[in-house]
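There are 4 protein chains.
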Amino acid sequence: MTTAKPLRVGMVGYAFMGAAHSHAWRTAPRFFDLPLDPQLTALCGRNDDGVRAVAGKLGWGSVETDWRRLLERDDIDLIDICTPGNTHAEIAIAALEAGKHVLCEKPLANSVAEAERMTEAAQAAAQRGVFSMCGFSYRRTPALALAKRMVDDGRLGNIRHVRAQYLQDWLSDETAPMTWRLDKSKSGSGSLGDIGAHSIDAAQWVTGQQITGVSALLETFVHERPLTGDLVGLGGHGDVGADAPRGTVTVDDAAIFTARFDGGATSAGAVGVFEATRFALGRKNAMRLEVNGTKASLAFDFEEMNVLSFYDAAESPDAGFRRIFVTEPEHPYAGNWWPTGHGLGYEHGFTHQVVDLVTAIGAGEQPSPSFADALQVQKVLAAVEGSAAESSRWQKV
Amino acid sequence: MTTAKPLRVGMVGYAFMGAAHSHAWRTAPRFFDLPLDPQLTALCGRNDDGVRAVAGKLGWGSVETDWRRLLERDDIDLIDICTPGNTHAEIAIAALEAGKHVLCEKPLANSVAEAERMTEAAQAAAQRGVFSMCGFSYRRTPALALAKRMVDDGRLGNIRHVRAQYLQDWLSDETAPMTWRLDKSKSGSGSLGDIGAHSIDAAQWVTGQQITGVSALLETFVHERPLTGDLVGLGGHGDVGADAPRGTVTVDDAAIFTARFDGGATSAGAVGVFEATRFALGRKNAMRLEVNGTKASLAFDFEEMNVLSFYDAAESPDAGFRRIFVTEPEHPYAGNWWPTGHGLGYEHGFTHQVVDLVTAIGAGEQPSPSFADALQVQKVLAAVEGSAAESSRWQKV
Amino acid sequence: MTTAKPLRVGMVGYAFMGAAHSHAWRTAPRFFDLPLDPQLTALCGRNDDGVRAVAGKLGWGSVETDWRRLLERDDIDLIDICTPGNTHAEIAIAALEAGKHVLCEKPLANSVAEAERMTEAAQAAAQRGVFSMCGFSYRRTPALALAKRMVDDGRLGNIRHVRAQYLQDWLSDETAPMTWRLDKSKSGSGSLGDIGAHSIDAAQWVTGQQITGVSALLETFVHERPLTGDLVGLGGHGDVGADAPRGTVTVDDAAIFTARFDGGATSAGAVGVFEATRFALGRKNAMRLEVNGTKASLAFDFEEMNVLSFYDAAESPDAGFRRIFVTEPEHPYAGNWWPTGHGLGYEHGFTHQVVDLVTAIGAGEQPSPSFADALQVQKVLAAVEGSAAESSRWQKV
Amino acid sequence: MTTAKPLRVGMVGYAFMGAAHSHAWRTAPRFFDLPLDPQLTALCGRNDDGVRAVAGKLGWGSVETDWRRLLERDDIDLIDICTPGNTHAEIAIAALEAGKHVLCEKPLANSVAEAERMTEAAQAAAQRGVFSMCGFSYRRTPALALAKRMVDDGRLGNIRHVRAQYLQDWLSDETAPMTWRLDKSKSGSGSLGDIGAHSIDAAQWVTGQQITGVSALLETFVHERPLTGDLVGLGGHGDVGADAPRGTVTVDDAAIFTARFDGGATSAGAVGVFEATRFALGRKNAMRLEVNGTKASLAFDFEEMNVLSFYDAAESPDAGFRRIFVTEPEHPYAGNWWPTGHGLGYEHGFTHQVVDLVTAIGAGEQPSPSFADALQVQKVLAAVEGSAAESSRWQKV
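As you go down the protein sequences, you meet chains A, B, C and D in turn. UniProt numbering puts the first residue of the first sequence at 1, with every later residue one more than the last. UniProt numbering puts the first residue of the second sequence at 1, with every later residue one more than the last. UniProt numbering puts the first residue of the third sequence at 1, with every later residue one more than the last. UniProt numbering puts the first residue of the fourth sequence at 1, with every later residue one more than the last.
Calculated cross-link-like contacts (lysine to aspartate or glutamate; reagent style EDC-like; alpha-carbon spacing at most 20 Å):
(1) A:K396 x B:E390
(2) C:K295 x C:D152
(3) D:K148 x B:D318
(4) D:K57 x A:D37
(5) D:K295 x C:E174
(6) A:K57 x D:D37
(7) B:K295 x A:D173
(8) B:K57 x C:D356
(9) D:K148 x B:E315
(10) A:K5 x A:D37
(11) B:K148 x D:E315
(12) C:K148 x A:E315
(13) B:K5 x B:D75
(14) D:K295 x B:E328
(15) D:K295 x B:E315
(16) B:K295 x D:D318
(17) A:K148 x A:E330
(18) C:K295 x D:E224
(19) A:K295 x C:D318
(20) C:K295 x A:D318
(21) A:K295 x B:E224
(22) C:K295 x D:E174
(23) D:K295 x C:E224
(24) A:K295 x C:E315
(25) C:K57 x B:D33
(26) D:K396 x D:E385
(27) D:K295 x C:D173
(28) D:K295 x B:D318
(29) A:K148 x C:E315
(30) C:K396 x D:E390
(31) B:K148 x D:D318
Sample of chain B residues with no beta-carbon within 10 Å of chain A, all distances over it, derived:
(32) G50
(33) D74
(34) V112
(35) R128
(36) G154
(37) P245
(38) G247
(39) D356
Source of the hints: derived by calculation from the structure; they are not laboratory data. Since this is a predicted model, take the numbers as computed values, not measurements. Ideal Cβ placement from N, Cα and C applies to all residues, glycine included.
Working from the sequences, and respecting the hints, build out all of it.
See below:
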């Protein structure tokens, strides 16, 4: 059986993201050859009964109720942070200082200042061989990874247009309850940081360009929502009484902005348009990215996550958007799974994230995206909020 | 055979739009019952040989080389203006004052000031029973007309999101030649007025809301293009020498803006995002409109012009975007054509425009969209340009 | 204006097909350069008032109530037959013998024997410069014409699979009334001849192969339908009383068969599967054809008539079905219409049919499909009925 | 952690299906509450080194090289058979007689006679509380499970049409190597049993009707293929020398047949058309099923496995195929996974299969599909082969 050295993981937080991360830690070594063998060593949550029940279900070997205890344990090599954004900085910095590798959920932090401190800690730790990664898991969708490869290979030429939408609808129902994701003190922002951050990271990563400025508009459609005991969930279907006590939504429900990119080494810079909302009724998880270059175009929609659409102008007049099923052995990640045409699901992005993280740690190399990469996203988020606060005036990143 | 009184048309301009309008005038009475019988009486163009050849081909009974002559003729009841935007105001105002009905291509004019004068002239003429309409022909696509009907019927609830894209790619090739559409003095603006104006009109018309402010970004990707003798075309495939003399593009190649709507009588106002470009490689005529309400959503893409997608949240959990083939007898315009499922094409919008125009004139009623409606679009165009000129600062309409 | 010699048309029949043909005769010379100038000279129908009203509406110059009168007129050059199938043989043969060119709607006849006599008459007439064509108008859809060009150019390699579906649903409602299309004595067969014939012709034409044998199953779902006064229509929505007198449906409601092809000159022959039905609820006019070769595949669905899907295995591993918008100037027919991406509709097939017919007549050449081509389709129809009558036993064509 | 009694699994075979089953056994208890706790106790394969390496990778606790040894072990409760079809009968019958529950891959056997003996053994074992299931895993795709629920709920009315396609292309390349799946002595049949069997089971299961007769055509396109050492694989990309020794393909490459259904309790029986091929270039795993009823229609394509298309005629004239994202908490299986819109992948069908199997065993109830259900599929396969051998003559099942 595998003779790889163990990589003992302690995970903080165990809601939706915790389940996805647990599955990834369990599954990655079954389908990929890893230089280290992940162990689900300890799960940490504040409520002892709760964390104990979940740990058994998800396959964790022990539990803790204080994340500081995880850092003290000698049998933990890596801290996986799945908590709300307001706790990321403290946990991540302490973990790195304690010599633990860190995988931190996105957005990296709730402010640029926090993200800067985390990045400094990450860079210092990397000098000591302690690595960190931010969990922009959509990068690990095979279709988006293929998109990046195509751009890197020059198949698009210079990029002119980027359009990114992240459309969901789970808050469209006004009776959906209040959650921590709607509380700015916990989540930092609303649709902007929760889903818009994915679009920003994906757009920059696929194009190889950074956003240099934005003009933005934020909107909150529903200002109060019923309070339920559970503030950790994703919302759900809101079967609470009309007279339930109500909490105040303090984040954006929708974020829309235009952007300019820096053009990287070879082109003049693209223009972009972004939209993130959880009120686009009927759109369930439409994380979409389209890039138009001088030679070709790419389009992706997570609602068809196994497909990348590619238009090659050289095929004119018989050109057309090609629906590439990104399940061939030559495609990113795909060869380790099923035969051609047998698609993957949402959780595979997390499994691939573990693969890339463990591979980098095993090689003693900086994983990507680094905290520095995530800090750049954080700066875009801040510029969006800044522009929205000043009548959409252009805001440099 | 038909005993309806004739409606004698004189058309100015005969390029792409002229062919579409001619087809509409010929075809409308064959499929619809009209109160007046359109006659293709005279075609006007500056070049005598050119206009004579085209007139024969398109079925016009006589020709003129000066539009002023058309206005003097007693046997002309309506002037159809298909020329570049810089000529609209002069021709339209003179025609109305000469007692001729007017159909004027969009955008109405090249400035708000011109559009205001045209609107005044139109309103004065209407008092005398002389009517005018602006050619926002996409309103006559059955799927968009059904979209409006559904919004009017309250099926969407209050509207929260509008996203409109108009994506083409015929200028993506840098060797595509210079045309009047790229010369600001003739066209007023570039993608903004040419195609963005359609999106603005459609978004306002379908939602029943007006845009109250915008924040915009304009971009020109290709600053010079080869000059050919022909400046009237749509561009084409650019087989001109590399050393051809070059003309300067003075308009936007892409226009991107965010917007707020006034909410009409019953809701709080939607947020919108608009993009118009002729550089989205692979998108041929993707005039798209999506509207998300509190009860339902609608989505349209002209590249599938016979389909309207409709999501009704009341069908949850088995809800999904419904691909409505807008070819049922109950659907707008559709019952006058073919059996169910036998789709219509681009030119049908112009035919339906003639139907609606002639029907209104026959009834002595103001056709829609009026010049006043088109003026409102013009104000949005101006606000977009104003915002873009001031670092995307929010601009009221 | 045009100096081409006139081609004076007399049309028999004026229901749905008559309107489509009239539009085509009127429109073809406006968009295409034709060697002869079509004139809508006379329309023939049995009911004098009816034909007179329709003739005025559709633009015909005179009327007749007996088709034999049309043949006697010196001012008629071509007879366009839009009547039910049981009348085709008599009219077409008489017309050809009277020296008139003939355009005959499909299926060519109601029996192989009739079709053989018509083919003999056509071949004899062609010797005298009098030509004939059968109206398989789907061949003139630009996307299917491009499909044929691609096969002819060898881009598919050898063909292995053909799958053809023609799915409609307008008879799914059991209260839809009886029409001549459901009366075997008039229509010859049901879905088989009405829509299956299109699939058979398109499959053979695109692949360049002929069907050599079939195994078939026919089914009638609704055996009686309400009688209304109007037996000429397409059915409609059946708002007739439950106690209306009922007529017996004597044709197939659905036809399903497997087939083998002859492989043409260069390959081993493909296998095919065909389905034609007017009971596929939700499918409005899904005339679909897919062809899989050794090098590439093609797929078409009339519900997206402006698109041809093309898969080129040479692009592997990044191959995918390419949605070709068949609106480029280089595409069949498309250059005579609108700019790229501005799609065509159902009636354009008929306009293109007129273009090809008039072009061939003008050149003194046999138009395609000839009556001989249509006879081959008729033989397939007969083999299908023969197989279905003998427990699906294989039937050679 | 979980206190459920263990269910100790021994699996025979470990190629593609073995990896999928292993993942399912590992994953099911992490996302679902099961009455028994599956243990990956022993993996059996003929090659000691091979099975040992795989067992470690996939998480199995021990290995065997003779499946008979598995049956003798007291610590095995269930035998999971993932070997070629020619071994199913012997292993399954012996396992049942040894008191082990059995999960057997499809098709159940290589002949009706074998399947009948297996069914007898299964029914005898069930009397003793020892249960068996056949692995028609597509039943566990949430979208197909929702399709069945909708039919069962009467939402389709009486069913008229079934069309089922299973299109792949991995054998289209003539240089793809010989495998056991192309050797009739091992696999029983080709595309028919490998993928057509899934279509047959799904069509019967979703409609609740059984196929009563068929007319069929089988075709082999490529008669010889290069031999490589590895006959267990799926084919792959054929980079073997042109002069490699070649093996004879003894199975069908494509199977096409028409069918009639028994109509169940309430309707008159549907007609069906089926096609299974691994030569449909560009179709990767297009397992498609469409059902047209008198009230509604359903369509599914595994290439978009998270979507079920549903057309409800009651919504006319605004009816249209609704793309239901089958990821709502109310949908089959979906509530145990991710938020709405976060799709599942191919392997989830196997995980759900384990869930249903373990749930039934825990409850002491017969799992579905039983061997008797699979025997019925086997009879259809035999009828298809019988009809194809007799010139497509109708063959009763």
